[in-house]
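S.K.: Spelled out from the first residue to the last, the chains are:
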Amino acid sequence: MDKTRRYDRQLRLWKAHGQARLEAAHICLLNGTATGSETLKNLVLPGIGAFTIVDHRLVAETDTGCNFFVTKSDIGQPRGKAIVEHLKGLNEEVSGRWVNQNPETILDKDSSFSVSDYSLIIATQCSSEMLIRLAANCQEVGVPLVVCETAGFIGYLRIQIQEHTIIESYSGPNEDLRLDRPFPTLTEFVQKFDLNDPDSMAHGQIPYIVILLQYYQAWQRNNPEAPSMTLKEKKVIREAITRAMRHPDEENFEEAAKNVLWALNTTQIPPPVREILENPRCDQLTENSPDFWVLARAMRDFVQQEGDGMLPLSGHVSDMKTDTANFVAIQSL
Amino acid sequence: MNKLWAMKRAAADAEKKKPKVSAAQIRVQKDITELSLPSTMRLDFPNPDDLMHFQLCITPDEGMYQGGCFRFSFAIDHNYPHEAPKVLCTQRIYHPNIDLDGKICLNILREDWKPVLNLEAIMVGLQFLFLAPNPDDPLNKEAAQDLRANPKDFANTVKATMRGSRYNNVIYDKVLL
Amino acid sequence: MRSAPKLLHTCRVLVVGAGGLGCEILKDLALSGFRDISVIDMDTIDVSNLNRQFLFRPKDVGQSKAYTAAAFVTERIDDVKVTPYHCKIQDKDWDFYSKFQIVICGLDSVEARRWMNAFLIDMADFDDPDSIIPLVDGGTEGFDGQARVIIPRITSCYECSLSLLKKQVVYPICTIANTPRLPEHCIEWASMIKWPEVKPDEVLDTDNPVHLQWVYKQALARASTFQIPGVTYMLTQGVVKNIIPAIASTNAIIAAACVNEALKLTTGCHPYLDNYMMYTGTDGVYTYTYNHASRPDCPVCGGEVRTLTVSASLQLAELIEQLGEMPDLRLQSPNLRMATNTAPKTGATGLSLYLQSPPQLEAVTHPNLTKRLGDLMASGTELVVTDKSLPVSLSLTIKFTNENMNVEP
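Residue numbers (the numbering used here), protein chains in the order written: chain C, 1 to 333; chain H, 1 to 177; chain F, 1 to 409.
Chain C extracted, bound-state conformation:
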């Protein structure tokens, strides 16, 4: 079974790395409830590595009325075992097993259950006393705990997790233009363009970044002492850009005018990022530190040394109105 074809629709969301992490996961469900089985279904289908169901009960008739993963012929059989079989049918790549144990006893002295065997634990229909002990255990070991219950039209979901670090985010990156502190190749690139180019086609292909930077540099020359642009000054520039449009269809000038307010901001490290860089976890690195903090520390070192107070450049540029050669050139600056 070709995995890239089967998983195509989800790979578009979390790509190969995300899928690899899913396939390395081992998830534990306490109690083979309908809610729990339904949750596992949504994890087995996309291909988690393995799952374990801890359940000591036998399938009763009431189970068949609400749980898709037990049938009438399973009645009297161990519930966990029945559910595992039906769930495994959803995806032959996934390993599933059943532990014949009362979930209430998993933390007892003689229990062989170990929270740290799992990447994540889902608890349903557990007593609050047990949950409190389990939560403490999960917290200590660093395993996320998901608690869920349902009753009629009402449902409850709670997640306990100490820290969740994300390195590869799949939401689009922000534009990081740094027009107020342009790097040398950008400055060089921008100088090649003439805002008064008589050739109307070339005029209409000037990337908006170039337009903005040229206006900004003109303002800098007239205001050498000013630390940053005021809102009023930005509006003045926006009007000037709009007036410079040679005809109403010049999209590149439209883009420039539209983006004046944020693109000409002072480049600085955003406060939430600064918080992360200044977090003591960056100093306390050990072999076991998550990659996230190692990277954060590396980033902090960069900012303090090569970066001259700035973060590394993401390099992402969104599409803009210009010709191919210019756009390719900008991307490679």
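Don't take every hint at face value.
[Said to hold, decoys possible] Derived lysine to aspartate or glutamate pairs resembling EDC-like cross-links, with alpha carbons at most 20 Å apart:
{"hint": "1", "chain 1": "F", "residue 1": "K167", "chain 2": "H", "residue 2": "D77"}
{"hint": "2", "chain 1": "H", "residue 1": "K20", "chain 2": "F", "residue 2": "D128"}
{"hint": "3", "chain 1": "F", "residue 1": "K167", "chain 2": "C", "residue 2": "D319"}
{"hint": "4", "chain 1": "F", "residue 1": "K241", "chain 2": "H", "residue 2": "E111"}
{"hint": "5", "chain 1": "C", "residue 1": "K88", "chain 2": "F", "residue 2": "E75"}
{"hint": "6", "chain 1": "H", "residue 1": "K20", "chain 2": "F", "residue 2": "D283"}
{"hint": "7", "chain 1": "F", "residue 1": "K59", "chain 2": "C", "residue 2": "D319"}
{"hint": "8", "chain 1": "C", "residue 1": "K72", "chain 2": "F", "residue 2": "D79"}
{"hint": "9", "chain 1": "C", "residue 1": "K15", "chain 2": "F", "residue 2": "D125"}
{"hint": "10", "chain 1": "F", "residue 1": "K388", "chain 2": "H", "residue 2": "E34"}
{"hint": "11", "chain 1": "H", "residue 1": "K20", "chain 2": "F", "residue 2": "D93"}
{"hint": "12", "chain 1": "F", "residue 1": "K388", "chain 2": "F", "residue 2": "E362"}
{"hint": "13", "chain 1": "H", "residue 1": "K20", "chain 2": "F", "residue 2": "D297"}
{"hint": "14", "chain 1": "H", "residue 1": "K20", "chain 2": "F", "residue 2": "E197"}
{"hint": "15", "chain 1": "H", "residue 1": "K114", "chain 2": "C", "residue 2": "E251"}
{"hint": "16", "chain 1": "F", "residue 1": "K167", "chain 2": "H", "residue 2": "E62"}
{"hint": "17", "chain 1": "H", "residue 1": "K141", "chain 2": "F", "residue 2": "E197"}
{"hint": "18", "chain 1": "F", "residue 1": "K166", "chain 2": "H", "residue 2": "D112"}
{"hint": "19", "chain 1": "C", "residue 1": "K15", "chain 2": "F", "residue 2": "D93"}
{"hint": "20", "chain 1": "C", "residue 1": "K88", "chain 2": "F", "residue 2": "D60"}
{"hint": "21", "chain 1": "F", "residue 1": "K264", "chain 2": "F", "residue 2": "D274"}
{"hint": "22", "chain 1": "F", "residue 1": "K388", "chain 2": "H", "residue 2": "E120"}
{"hint": "23", "chain 1": "F", "residue 1": "K194", "chain 2": "H", "residue 2": "D77"}
{"hint": "24", "chain 1": "H", "residue 1": "K20", "chain 2": "F", "residue 2": "D60"}
{"hint": "25", "chain 1": "F", "residue 1": "K59", "chain 2": "C", "residue 2": "E251"}
{"hint": "26", "chain 1": "H", "residue 1": "K152", "chain 2": "H", "residue 2": "E62"}
{"hint": "27", "chain 1": "H", "residue 1": "K20", "chain 2": "F", "residue 2": "E304"}
{"hint": "28", "chain 1": "F", "residue 1": "K167", "chain 2": "H", "residue 2": "E111"}
{"hint": "29", "chain 1": "C", "residue 1": "K109", "chain 2": "C", "residue 2": "E129"}
{"hint": "30", "chain 1": "H", "residue 1": "K141", "chain 2": "C", "residue 2": "D323"}
{"hint": "31", "chain 1": "H", "residue 1": "K20", "chain 2": "F", "residue 2": "D125"}
{"hint": "32", "chain 1": "H", "residue 1": "K174", "chain 2": "H", "residue 2": "D61"}
Because the hints were derived from the structure by calculation, they are not lab data.
As the structure is a computational prediction, the values presented were derived from the model and not from experiment.
With the hints as your guide, set chains H and F onto chain C.
M.R.: Coordinates of chains H and F only, in the frame set by chain C:
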């Protein structure tokens, strides 16, 4: 009484079974009957019962394309106005924004189409292409370059190709009236 | 809730679509107590469905979704009968749809939803409560989704909210032809421009892997001449087929919301959703519910509906005069077309009865003005009337006075 009731019920049921007009067709009926087009534009309906397929003929009364009659085919489907109509130029002409296969570079036909626009907006947009061809957003690169390099020569080429001649190894359709 | 089981057991529910949402909806309906379930879907099963359409197995690839889904649920859950229909929704008519008490849609196309919505709205008649069939509609994309309840002619309808839909990304044709910058531009060039040039007699079949490979190779070649990175086979498929990412969990959430509403609508146990819930699970979890108002100019549910009884010997021009005199409509220059051609004599006339504009259509339909209504149409014909003063249209049913009909007591 029963017979009457049965007849009424049958009539009511029969009515319900008739295929209905789609929202797209209603919207097209409205768009077409409420067009206010200048004399330079004429519509042709090969089948007056089918308002979703028709032709538009534009005869610009000024500019470089004056004197020509330019035909466009409109094909509207049942997803209108969620989707724009498909419009093609049915003749081979020399124009920076229309290619030799009849595809048209007009923003509201594609990326700037909104359901709140209508057929009149498209027709006006098409006419504007003849009054002010845009060399800076070219579909036909050679035509665009010619227009930018030498507008007088471009105008002459347009006149020549409108007569239905060969230019640069391409045979153009006669569009002069 | 004492009568609830009986209501559920006897309720005839139709599930439209047996895909990602459809499978989840069928499971939830069956486990909630519904016993008479029908499902309609024209598709067959593909490998890429298996990550979420859990009623299908690798051995089912190529089989009918409706039949496979129906068989699975009927076998798994006792006392439930799921009846499959493997065809397009447009292939079924009033006889089919009028049998159901509730319709739940798990479709993946705007056009299909508009059709279903318009059909049910059209069926709804205040004089016949059974003809008002609630429509529950769900949709998902990646981690996001929405669910809504449409009660025909009472709540807003699907067409009212067309403007809410996310605009599909479309690239300017001149960018595709001459100034590509993104890998997507190269892919569109290969499918939209190069393919018809090289294979004018063959229609590009987006489900054919051989066709897709061709498009991919062409796009790659073009991208390399322009030095544009990023063309992959996956991106090619995504652009050409307009693929929407999909996962089981979001489908489960939205399907459950839809079935909850079906439960409430059928049993009356709690207030139903009024009327639109949006859900997003991309950044944490966020959901928002509100009442989306009807548009007065909605072409599906906003138009006026009238019936006029006139003599069959009335001329069309006189009918139009009468319409102009109806004080509440304020029609100035109405345009009339028939919904279906019910003309008694073949070739006598067509759907377009009289159109005031443009000149070409006015000229063709002008002769109809002096014709008698009885010669133009049968009694009970629905006319579609548009006029500058109407926000959208008027559905006008013309009935003839029966001077000659014998009324038996």
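S.K.: Now tell me if each hint is right for this structure.
M.R.: Okay, the hints, checked on the actual structure:
1. This hinted pair checks out: K167/F and D77/H have alpha carbons roughly 18 Å apart, not beyond 20 Å.
2. Simply put, K20/H and D128/F have alpha-carbon atoms about 19 Å apart, close enough for the 20 Å limit, and the pair holds.
3. As the CA atoms of K167/F and D319/C are separated by approximately 17 Å, the hinted pair is consistent with the 20 Å bound.
4. A hinted pair counts as satisfied when its Cα atoms are at most 20 Å apart, and K241/F with E111/H qualifies at roughly 18 Å.
5. For a cut-off of 20 Å, the pair hint linking K88/C to E75/F stands: about 18 Å separates their Cα positions.
6. At most 20 Å may separate the alpha-carbon atoms for a hinted pair to count; K20/H and D283/F exceed this at roughly 43 Å.
7. A hinted pair counts as satisfied when its Cα atoms are at most 20 Å apart, and K59/F with D319/C does not qualify at roughly 43 Å.
8. This hinted pair checks out: K72/C and D79/F have alpha carbons roughly 12 Å apart, not beyond 20 Å.
9. Our distance criterion of 20 Å between C-alpha atoms is broken by K15/C and D125/F, whose separation comes to about 50 Å.
10. Proposed proximity of K388/F and E34/H is supported: the alpha carbons are some 7 Å apart, at most 20 Å.
11. For the hint pairing K20/H with D93/F, the CA-to-CA distance comes to about 11 Å; that is within 20 Å, so the pair holds.
12. At roughly 16 Å between alpha-carbon atoms, K388/F and E362/F fall within 20 Å of each other, so this suggested pair holds.
13. Restraint check for K20/H and D297/F: the C-alpha separation of about 18 Å stays at or below 20 Å, so the hint holds.
14. Between K20/H and E197/F the CA atoms are separated by roughly 39 Å; this puts the pair beyond 20 Å, and the hint is violated.
15. With a C-alpha separation of about 18 Å, the suggested pairing of K114/H with E251/C holds against the 20 Å cut-off.
16. Taken as a hint, the K167/F and E62/H pair is broken in the structure, with Cα atoms around 37 Å apart against an allowance of 20 Å.
17. Distance check on the hinted pair: K141/H and E197/F sit about 17 Å apart at the alpha-carbon level, within 20 Å; holds.
18. Distance hint between K166/F and D112/H is fulfilled; the C-alpha atoms sit about 13 Å from each other, no more than 20 Å.
19. Taken as a hint, the K15/C and D93/F pair is broken in the structure, with Cα atoms around 43 Å apart against an allowance of 20 Å.
20. With a C-alpha separation of about 17 Å, the suggested pair K88/C and D60/F falls inside the 20 Å cut-off, and the hint holds.
21. Of the supplied pair hints, the one linking K264/F and D274/F holds, its CA atoms being roughly 12 Å apart against a limit of 20 Å.
22. A C-alpha spacing of about 14 Å is found between K388/F and E120/H, which places the hinted pair at or below 20 Å, so the restraint holds.
23. Pair hint K194/F plus D77/H does not hold up; C-alpha atoms about 24 Å apart against a cutoff of 20 Å.
24. For the hint pairing K20/H with D60/F, the CA-to-CA distance comes to about 37 Å; that exceeds 20 Å, so the pair is violated.
25. Using a Cα cut-off of 20 Å, the hinted pair K59/F and E251/C is violated, with the two alpha carbons roughly 53 Å apart.
26. Using a Cα cut-off of 20 Å, the hinted pair K152/H and E62/H holds, with the two alpha carbons roughly 15 Å apart.
27. Only pairs whose Cα atoms come within 20 Å are accepted, and K20/H paired with E304/F is accepted, the gap being roughly 15 Å.
28. Between K167/F and E111/H the alpha-carbon distance is near 9 Å, which keeps this suggested pair within the 20 Å criterion.
29. At roughly 16 Å between alpha-carbon atoms, K109/C and E129/C fall within 20 Å of each other, so this suggested pair holds.
30. Among the hinted pairs, K141/H with D323/C is consistent with the structure: their alpha-carbon atoms are about 13 Å apart, no more than 20 Å.
31. Restraint check for K20/H and D125/F: satisfied, since their Cα atoms lie roughly 15 Å apart, inside the 20 Å limit.
32. For the hint linking K174/H to D61/H, the alpha-carbon distance of about 17 Å falls within 20 Å, and the restraint holds.
The earlier numbered hints that this structure contradicts are 6, 7, 9, 14, 16, 19, 23, 24, 25.
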